[in-house]
Each structure stands twice: as C-alpha cells, then as structure tokens.
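Guided by the hints, dock chains H and P onto chain B, whose structure is given.
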Amino acid sequence: MTRYFTEDHEWIDVEGDTGTVGITDYAQGQLGDITFVELPEVGASVSKGDSVSVVDSVKAASDVYTPVSGAVSDANAALADQPELVNTDAEKGGWLFRVTLSDPAELGGLMDEAAYKVYVESL
Amino acid sequence: MRYLPLTEADRAAMLETIGAASVDDLFVDVPAEARLAGPVDGLPMHASEMAVERHMTALAAKNINAGSVPFFLGAGAYRHHVPASVDHVIQRGEFLTAYTPYQPEIAQGTLQVLFEFQTQVARLFGTDIANASMYDGSTACWEAILMAARITRKGRTVLSGGLHPHYGEVVRTMARFTQDNIVSLPTELSGEPDDAAVIAAIGEDTSSVVVQYPDVLGRIPDLAAISDAARAKGALVIAVVTEPVALGLIEAPGNLGADIVVGEGQSLGVGLQFGGPYLGLFGCREKFVRQMPGRLCGETVDAEGKRGFVLTLSTREQHIRREKATSNICTNSGLCALAFSVHLTLLGGEGLARLAAVNHARAQATVERLSRIPGVSLLNQAYFNEATLILPRDAREVVRELAERKVLGGVSLGRLFPEADGLHHGLLVAATETTTDEDIESFAKELEGVLA
Amino acid sequence: MNAVNAAGWRPAMGGAEEPAEKFATASGDYGLMLEEPLSFELGATDKCGVDIDAPDRAPAPGLSKFLRKAAPNLPGLTEPETMRHYTRLSRQNYAIDLGPFPLGSCTMKHNPRLNEKMARLPGFADVHPLQPQKSVEGALEVIEQLADWLTRLTGMASVAMSPKAGAHGELCGLLCIRAALDARGETRDVVLVPESAHGTNPATAAFAGFKVESIPATPAGRVDLEALKAKLGPNVAGVMITNPNTCGLFEPEMKAIADAVHAAGGYVYCDGANFNAIVGKVRPGDLGVDAMHINLHKTFSTPHGGGGPGAGPVVLSEALAPFAPLPFVTRGADGSIHLVEEENRGEGHARSFGRMVAFHGQMGMFTRALTYMLSHGADGLRQVAEDAVLNANYVLRACEDLLPAPFAKSGPCMHEALFSDAGLAEGFSTLDIAKGLIDEGFHPMTVYFPLVVKGAMLVEPTETESKAGLDRFIASLRSVAERAKNGDESLHTAPHFAPRRRLDETLAARKPVLVWRGDAG
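Residue numbers (the UniProt record's numbering), protein chains in the order written: chain B, 1 to 123; chain H, 1 to 452; chain P, 1 to 521.
Hint data in this document are derived by calculation from the structure and do not stem from the laboratory.
Backbone N, C-alpha and C fix where the C-beta goes; we use that ideal spot for every residue, glycine too.
Check before you lean on any hint, since a few could be wrong.
Unchecked claim - Which chain B residues face chain P? A few, computed with CB under 7 Å, are given here:
(1) 33
(2) 58
(3) 62
Said to hold, decoys possible - BS3-like mimics (lysine-lysine), calculated; alpha carbons at most 30 Å apart, straight line:
(4) 65(P) - 233(H)
(5) 306(H) - 69(P)
(6) 324(H) - 229(P)
(7) 117(P) - 134(P)
(8) 154(H) - 233(H)
(9) 62(H) - 134(P)
(10) 48(B) - 211(P)
(11) 47(P) - 69(P)
(12) 59(B) - 454(P)
(13) 406(H) - 134(P)
(14) 306(H) - 511(P)
(15) 22(P) - 47(P)
(16) 117(P) - 467(P)
(17) 59(B) - 211(P)
(18) 287(H) - 511(P)
(19) 211(P) - 324(H)
(20) 117(P) - 117(B)
So that you can see chain B by itself, here it is in the shape it has in the complex (with noise of 0.2 Å):
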C-alpha cells in the first residue's frame, strides 16, 4: 500500500487499483469540529480534480476534490452518525470514499508524505 497527499490535503492509500480517500490531519485542525459530510454517491465516475464531497464545520464547508479519475466504490457510512472520525481519526477511520482507478499514472503527479510534510511547513 503506498500514500500520496494532494495540495488540496487530501491524502489516498492505494492497493491495487483501488485508492482510498480522506483529508489530511494538518486540514482537519484547519477546520475545526466537522459536523457533517457529504459523500458521492458509490457508482459514481470521478474525474480527478472534481469536487466529489463536502466537509461542513460550523462555519465552513469545503470542498473535496478526488485525486485520481475513476469510479467511487464505497463510501465511509460511519461519518454520517460520526461526522467527528474525522476530526479524531483524519487519516484512517475518518476516510471519506474508495476510488477505483481508471488511471494509475495520475499518481505520479501526487506528493509522498515527506513532501506533503516540506509543503505543510511551508503554508
């Protein structure tokens, strides 16, 4: 399983060809208690850099945008009684959709989490 961060903070596990999708610890501090998620429909096709999910804090909503195209093959039911998984488990229980690849190469433009880390820094 490898992971990649987007510049958007979210990050993607994959396995195969399926990647698994959240936002990232250092984004869910950013917004503070998340109180709701909005998650694509499972079936759904996905082109990377579409805003597939919304997460709402009190104050905020914001957009997701998925880091690869394919199709959504699940989506984490746990959020909707649990929006707060998020907040306390950004990075494994609070993921938020599965993505089956379409195309594997748009990994290559992804950051590993060492970069992610420089670029987190740098904001």
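Just chains H and P, lined up with the frame of chain B:
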C-alpha cells in the same frame, strides 16, 4: 431633527478629534462632480411628527379598509381577528428592534421563539421539521421546487391548475431563467379539483408536483392519492397551504404523504396589510434537512450545560456557501413569525380547531345565502372557508359595482386569470370568523341589486 | 415631615454575610434574570387565550372525508400566560432600544415609533391586496410617493417595488439584466463579483443562472479596475458592486468601472446595503449604476424584527426599467396612479420579465419608510448620511491606535469603520473581542466579514448614536482590546454576564434538534 442625537457642538468636537475641517472632508473619496451641493431636488424638507401623521392619515383615508364594510376577499390573503396581545408582543422593542440572532448569548428570546415557531409549523403541517420562515407563500413555493430538484436530481415540475395564479407566475418567471421545465395544468371551472390530471402528468422524469390545499377555487384535492402516484414515480409532493386556519379542520398535508409543505402564514397574527409583509412557511421530511433553504434554529447547550438555541446548519446558506448555497435568502420574516407564533400559542390546537369550524360554518352560511340569488350557483363539491360562485356575467364588473355600493364582495377569477376567458364568470368568496350575519345579508342584497 | 426610613434601616453595603458565589435558587431565576420554559412545556391543548363561540352548524357533508382525526397537537396558553411567556423571553434579547447595535453592513438605526403607528392605520393595515383599485387609491399613492422619493434620491429612472428583501432585490436586478440581454438577443452568462462582496451577491447570481467570477481588491481595499477590465468581454452580463463597499470605503472609480462595463456591453448592479452612507449626498444614477436594491430595513429605518421582514425595492436605469417585474405602479400624465398587473400589462409595461412574488410587495414597510422619509425630508436625509459617516470616523480615529484599521490609515472611512485583530496576544482573536463586548453591555460589531481582512471587525454606529453613547462604546471597545492585547484569559470564556454562556454550535450542527419532541411517547 428628532431622530439625530448629535448637536452642532458635538459635530464640531468630533470633527476636531478626527482632524477634519468639515464633514465634507470625510467624503473626499467621492469624486467632486458626483457630490450634491445641497438637498436632493424636488423633495420636501423635514416635517414634524404631527405634519407627517396628517399626511399619512389622509392617504390611509383614501382606502376602504376591510373592517369598515362587508368584506369577502380571500384568494391567498384572509382577514382574521388578531388578538390585541399579539400586536403588543411584536411591538416590544426587544423583539422589534433586534437583529438576526447571530450572537446567540444575547438573542435567546428571538431564538427560542423561532424554535417554538418551527415546532408549531411542523405540527400544523404534519411534517418532521420546519424552517424559521421565508418571505411569503409564493417564494416558499418556488424554493420548494428547487429543493425537490436538488433531492430528486430531476428537473420537471407539474403545477396543479388549483395553484394560486400569482404563485404559478412566480414559478414560471423564475423557471424561465433557471431553465427548469414547468408543466402548468389549466384551471377549469369544475366542482372537483384536477387530481386526475395531476396524477396523469406525473412521469419518471418528474421532480415534484405542486398541489394547493385547499386550492385556489376553494376545492380540496385528494393529497393521499396524489402522493401515492408521485411516490410510485419517484417524484416529491409539494403541498401549498395559503390558508393555515384550514388545517384546524382538515387533515395536515404531511399526514397525507406530502414530502414538502409550504404555505402563507399571514392568516395567523399578521393581518392583510395590502399584501405584505407576509410569512412564508416551510416544512419537510427530516431527511431533506441539508437541502432546505432559509435559516434554521436548533437546540443545544451552553458552557454551563443550560439549554439554549442557536442558528444552525448555516453551511447551507449564502453567507458561507456563497454561489453554492441552497438559496440566496438572508433577511426573512422574523417578526411575522413571532406574530404567527403568539397567535397560535393563544389558540392552541383545540382553539385552532374551533376557529376553523367557525370559519367553515360562516362560509356555509355565506354560500347558502348567495346561491339562493337567481343566476348564482356554487361550483365546489367541498370547501373550507372559501368557495367559487358562478355568476351570470363577468365577475370583474360585478366586483367593481359592489365596491361602489360599499361591499367588498370577493375576488373575481378574471382578475386572477385574465387570459382564461372560460373562468370570467367565477367569483371567489371567502368568509371567516369576522363575517357577521349582517355582512352576509348586505352582500346578498347588493349582489341581487347589481345582478338585477 | 415623615421620615422615609424612621427605623434607621440601611441597605446592606456588602460584607462578610454576602455569599461569595452565586447560589442555586429554587426557581432557577436570579432576581430579574428570568429563565423561561418552552411554550410547549407550559401549555396544554385544552387551554386557549381566545374566546371563540361554538360554530352554529356542523361541517358540510362534502367535507367529511377530508376532516382531520384529531385537533393539531399544539399546546395553548391563556392570555396572561401568553403575555408573561413572551415578555420574559423578550428580556433575553439585546435590541437597539437597549443600546448601540454597531453591526457593520446592517445599519441598525433607531426605529421611529411614528412609523409603527402609521403602518397600523386601518386604511393601510386592514386592506386586502386584491381589492378593486378604486378602493385602494391611498395605498397605491403610498407606493407611488415612495417610488418617487427613491428615484429622486438615487437619480434613477424607475423602481421595481415588489422585492421582499435585499437578496430578493438583487435577484430582481439580475433578472432585469437577463431580460435586457434576452431582448438584445445576447447570451451572456458571467457576472463579476468583487471578492469582498456580501455572500448574497454570488448566491443571487447563481440563483439567477449566472456563473460567478471574482474580481480582486487593490491593497487599498477597492475594486481593482485593471483586473476588472481584463475580465470584461462578450460573456460578461455585468458586475455586482457594493458602494460604499464592504470595507466601509467609497469606490472612487465607480464611474470608470461603469463606463468600462457599459463599453463592453454589460450592466452595473450596485448592492445598496450601504446607501445610508451617501443618501442625499451622492446619487448612484450619476455614477452609471443600472440597478440597485435599497434595503428599507437599513437606510429607511423599518425595524429588523429579529431577522425580518425587510423590503428591497430596486431602482433601475432607463435601460433596465422596461423589464421591471409585475406588479408595477405608474403615474399617468393626468396624475392618476395605475397598478399594472398581468391583467393589463399591455398598457405600458408589456416587456416586464414577469412576477417575483404574490401581490404587491412589502406594503407595511412602504408606509414605514415613507413616514421616515417625510419626517427627515431631503435636508434631514442628507444630515443622516453626514452624521453616520461622522460617527464612524469618530470611532475609527478613537480606536485605530489599539486595533489596526487596514484600509483607513491614509483617509476617512464612510459609515463603518473596519478593524482587524492583528496584534492581539497569542491565541486571542476577533471572537474574544466580540464576546467581551457582550459583557460590557453592547452588541458586538460584525465579525469575520468582509472575508478579505483576517479577523475583520466592522463597526457601523449609524447616525442615531449620540456622542456620549459613542464615547461609552469606545471606552468599552478599548478596554476589551487592551485585555485581549494583554492576554486576559477570561475573554476566552466570555460572555460571563449574558443570559447564556457560549453555546455549543458543534453539537447543534452534528445532531440537529429543530423541533421540540418532549411530549413524544
């Protein structure tokens, strides 16, 4: 000037503090050629309270007010008795002169009222939840159509022929710009509402059907049958209630399967006011909450654990979501919601039921008396407090002639549907608890005179 | 003479017997700090505060299949209980009648009570919107007179009276633009909006079917004219500009902006929320504006009522006037007033884009606003703008040494003073200042808006604050700012003395409770 507290001495002292020679120095950013040298031309100078009162009272005297003559108008605005205490409450400065409750620690009065209002509207409509108000019934109706389209991701809307024509016009006007597909069924002079036509018009591509209940001719559609048909095709039912007092007597739309119920709340607490400000009511199923337009008040606790209320789910709204908001509405009808809520609190459920029964009884007395006039007949098979009478000639002229005889005798269908020639003999007549036997008799006598 | 206090009793001056902490009372109330349950917890469905005679007949047989099975589950209260419920609730509200309400961009000015009295004259309040025109000539005259005031004050050709509030007026203006473009046979789908705009602007543009593109601000807080020009083109329907803008500054290049937009075939919408700064001093029509809504509940003193109702008439240029929505009130050559509706639209208003609302708009607000205009007169309204701007500049200069004023270092502001929270102690921000002001007995200013300034605080005193009142407010604002600079931790938990402490908004949003269900089985 009585509303301006600064004295000349204050102004001079303040300019000195600011470091400006004159107030004109504070307007330096305005290009000189755009600055007016003095007061705007063609307008009067300031006037005393007494003088203004004289001017306004003279204008008011040019109108015939409903309470001064036999009065039978409805068509989406109803004259009910408003208890004196309602107006007293809404004139309390703490309610009247407060802003939208964005600082909840010092706005619990307004917020608790909104929470009570939302609960009252939801219970009255038979919906799970309700919002903190919209501008009026017609704009609430359009917002409901947009909301249904977001939920169903379909774009075709069917409007019953029983929908108030102003509401229909608002929808058609807005839809022309948003490219939504609106199917408007015709309004026909039939004793039964157009339920069958509504059901026949629902297709797989239909997002919502809009059904007024009771409808604009006073008929009562079978919401349960329409809801069953809509559900089978994946369409939502939007019920429109322009006379909420009716729901004291007839079943709540939510209990009959309506998914979204919108309405005009003017009947309770607000008064006629020549059409505004009125009160948009908006209730729906709880699962649609994130697609609702308008403000929502929710219960929570404060840092000491005490119950309190806040505006919530604001991420739907324009001040956060901007161009992705569910609506552009900001200011709503807060004070009218308070008036509605006070009136409904004074009535209670049983009081509302009794009021509704009296309204219906007064309407029966009116319709029975008027339909005894030769050439006049009742259209409706069922009605609440408003029904359509068929006259032997164009009702527009009849209404104008009645007004000359100091009777405000209903709303002509020609005024409401100018392009539908087949409706022009129709006269909408409403009665409420304010209608006396003497009013009915005067109306009947003058109508006999006009038709003779 | 009788001694007032013959027994020699003296009020306690405090001391050893005073409890150190607030103790629990049996009622939960403390003196005049009163708690109040929900009406649902107080009432009962068989209680009623209105006497209603029994109906003199049974429901008609035709109605039987529609009758509800049980009365609505709505607890009622008698009149004394009702009055007490709402009066107790009212005491948990801050209001203009209690003190300054310096919310920037909201224009919370005094609401004259003559307005209320006039709106309640039966000739206005008890008139049905569909009465024959001959029976409502006075009401139509109110609309026409108000329209005349609005067009003269703004230097515009015409006015659409029916929009219900500011955002509804914005929609009206944009739909007029759409209709004018349609009439020209052009499809332009982009509206330019400055990034500092109020949220309703982009929301309205989207609601009207336009795409929104943002225009950046200059370092001086104004619209970047060159950036705007670069965006103009055949797809641009128009711009939405707020002037004075949301930073409390006049846009000195407004005419140049309008000329550029017109040259590119677009229209200029102006958000009139801040008209109070310039009423009687500048006419937007002279600056090239094509449409502008006027919030009667801001500039023209109709009460805000805890969130409405408002009214948002839209003044229109010659270019847009033919497309104004129905109903439309006109005055004929003979001085007679006509109401144009669907029935008679052919008589002079055939190109109207349609109808935005049932009936005629916010009549109750029209009577109040006209009453206010007549009271002030043309001279008084000019003084309104001057005093509003004077008051704002007084606050600006009295506080800018403590709170940075990002755009006003070099010059005056208009009717509102914008500060930022830069320079407070680590961990302190605008929110702490706002909640600290509540403890001082003031409503806070607008916070975190406009978005272009980090930690924005927008103070709009309005013209109806006295100098003494402003001095008190300034002393409090300075005191709270000093505490925030010094890292006074008690600000983080403020307010301490309001009816409620900070409320848990996260809980409210995560698990929404929007109606009371305390009686559910």
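So, going through the hints one by one against the coordinates:
Interface hint at residue 33(B): satisfied, since its Cβ lies 4 Å from the closest Cβ of chain P, which is below the 7 Å cut-off. At its closest, the beta carbon of residue 58(B) sits 5 Å from a beta carbon of chain P; the interface hint therefore holds under the 7 Å criterion. At about 14 Å, the closest approach between the beta carbon of residue 62(B) and any beta carbon in chain P exceeds 7 Å, and the interface hint on this residue is violated. This hinted pair checks out: residue 65(P) and residue 233(H) have alpha carbons roughly 26 Å apart, not beyond 30 Å.
Proposed proximity of residue 306(H) and residue 69(P) is contradicted: the alpha carbons are some 37 Å apart, above 30 Å. Of the pairs offered as hints, the one joining residue 324(H) and residue 229(P) holds, with about 26 Å between alpha carbons and a cut-off of 30 Å not exceeded. Simply put, residue 117(P) and residue 134(P) have alpha-carbon atoms about 24 Å apart, close enough for the 30 Å limit, and the pair holds. Of the pairs offered as hints, the one joining residue 154(H) and residue 233(H) holds, with about 11 Å between alpha carbons and a cut-off of 30 Å not exceeded.
Between residue 62(H) and residue 134(P), the direct Cα distance comes to roughly 9 Å. Compliance with the 30 Å bound is thereby established for this hinted pair. The hinted pair formed by residue 48(B) and residue 211(P) meets the criterion: a straight-line CA distance of about 22 Å does not exceed 30 Å. The straight-line distance between the Cα atoms of residue 47(P) and residue 69(P) is roughly 19 Å, inside the 30 Å bound, and the hint therefore holds. This hinted pair checks out: residue 59(B) and residue 454(P) have alpha carbons roughly 15 Å apart, not beyond 30 Å.
At most 30 Å may separate the alpha-carbon atoms for a hinted pair to count; residue 406(H) and residue 134(P) meet this at roughly 11 Å. Of the pairs offered as hints, the one joining residue 306(H) and residue 511(P) holds, with about 17 Å between alpha carbons and a cut-off of 30 Å not exceeded. Between the alpha carbons of residue 22(P) and residue 47(P) the distance comes to roughly 37 Å, so the proposed pair goes past 30 Å and is violated. Under the criterion of a C-alpha separation no larger than 30 Å, the hint pairing residue 117(P) with residue 467(P) is consistent with the structure, at around 28 Å.
A hinted pair counts as satisfied when its Cα atoms are at most 30 Å apart, and residue 59(B) with residue 211(P) qualifies at roughly 24 Å. Distance check on the hinted pair: residue 287(H) and residue 511(P) sit about 13 Å apart at the alpha-carbon level, within 30 Å; holds. A threshold of 30 Å between alpha carbons decides the hint, and for residue 211(P) with residue 324(H) the separation of about 11 Å falls inside it, so the pair holds. The straight-line distance between the Cα atoms of residue 117(P) and residue 117(B) is roughly 65 Å, outside the 30 Å bound, and the hint therefore fails.
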